[in-house]
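Here my numbering = 1-based position in the sequence shown + 1015.
Keep in mind that the hints were calculated from the coordinates and are not lab data.
It should be emphasised that the depicted structure is a prediction, and the values quoted were computed from it without experimental measurement.
Where is the CB? At the ideal position from N, CA and C, for every residue including glycine.
Watch out, some of these pointers could steer you wrong.
Restraint ranges, calculated between C-beta atoms of paired labels, are given here [said to hold, decoys possible]:
| id | residue 1 | residue 2 | range |
| --- | --- | --- | --- |
| 1 | 1125 | 1074 | 46 to 54 Å |
| 2 | 1044 | 1095 | 32 to 40 Å |
| 3 | 1024 | 1109 | 40 to 48 Å |
| 4 | 1125 | 1105 | 40 to 48 Å |
| 5 | 1116 | 1037 | 26 to 34 Å |
| 6 | 1115 | 1075 | 24 to 32 Å |
| 7 | 1066 | 1116 | 32 to 40 Å |
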Amino acid sequence: MGKFPKLLPLACGLMLASTVTMVPVMIVARSWWFFNGPFLIGHWAVIGAVATDAAIVILMFEIIKRAGPVFFSTSNYIAPLVGVGLGMLLFGDTYSLWIWAALLLMFLGLFASIRLGRGKSRRSSERSYAGVLTALGGSPCWTY
């Protein structure tokens, strides 16, 4: 538990930045929402989602610190596939051509970045990751 206090300011900053970003959108869209009426199961679901999201943000920074940003970035490609697959399996979801095209473009971009980016210098991106890891209290797993 001693490591999480170092991650807490980063997690709070990310959540605060998300809030500051979304408040103007909510105002423009006139979709301001408060807990009104009797406190029912839906209200508890919102509170549970907020708590889960906060825990995920802290764990995200911990995974980046321990395993590195490259390892963590793979979840960005696995999560949409799992979401689409579980939606189809559990809820019988059907997806439009736009969803399949978006998934295809995402994987084409991944393929291009892996195949076309091979052999190019990644020193500048590694240095920026090193700065993030140092701020998290970790140390990069590569040396210069």
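Quick rundown of the hints versus the structure:
Judged by the Cβ atoms, the range 46 to 54 Å given for residue 1125 and residue 1074 is violated: they are separated by roughly 23 Å. Remark: the range hint 32 to 40 Å for residue 1044 to residue 1095 is contradicted by a beta-carbon distance near 25 Å. The given range of 40 to 48 Å is respected by residue 1024 and residue 1109, whose C-beta atoms sit roughly 43 Å from each other. Restraint check, residue 1125 to residue 1105: a C-beta distance of roughly 26 Å breaks the suggested window 40 to 48 Å.
At about 27 Å, the CB distance of residue 1116 to residue 1037 agrees with the hint of 26 to 34 Å. Evaluation of the 24 to 32 Å hint for residue 1115 and residue 1075 yields a pass: the beta carbon distance comes to about 28 Å. Taking the beta carbon of each, residue 1066 and residue 1116 are about 35 Å apart, inside 32 to 40 Å as hinted.
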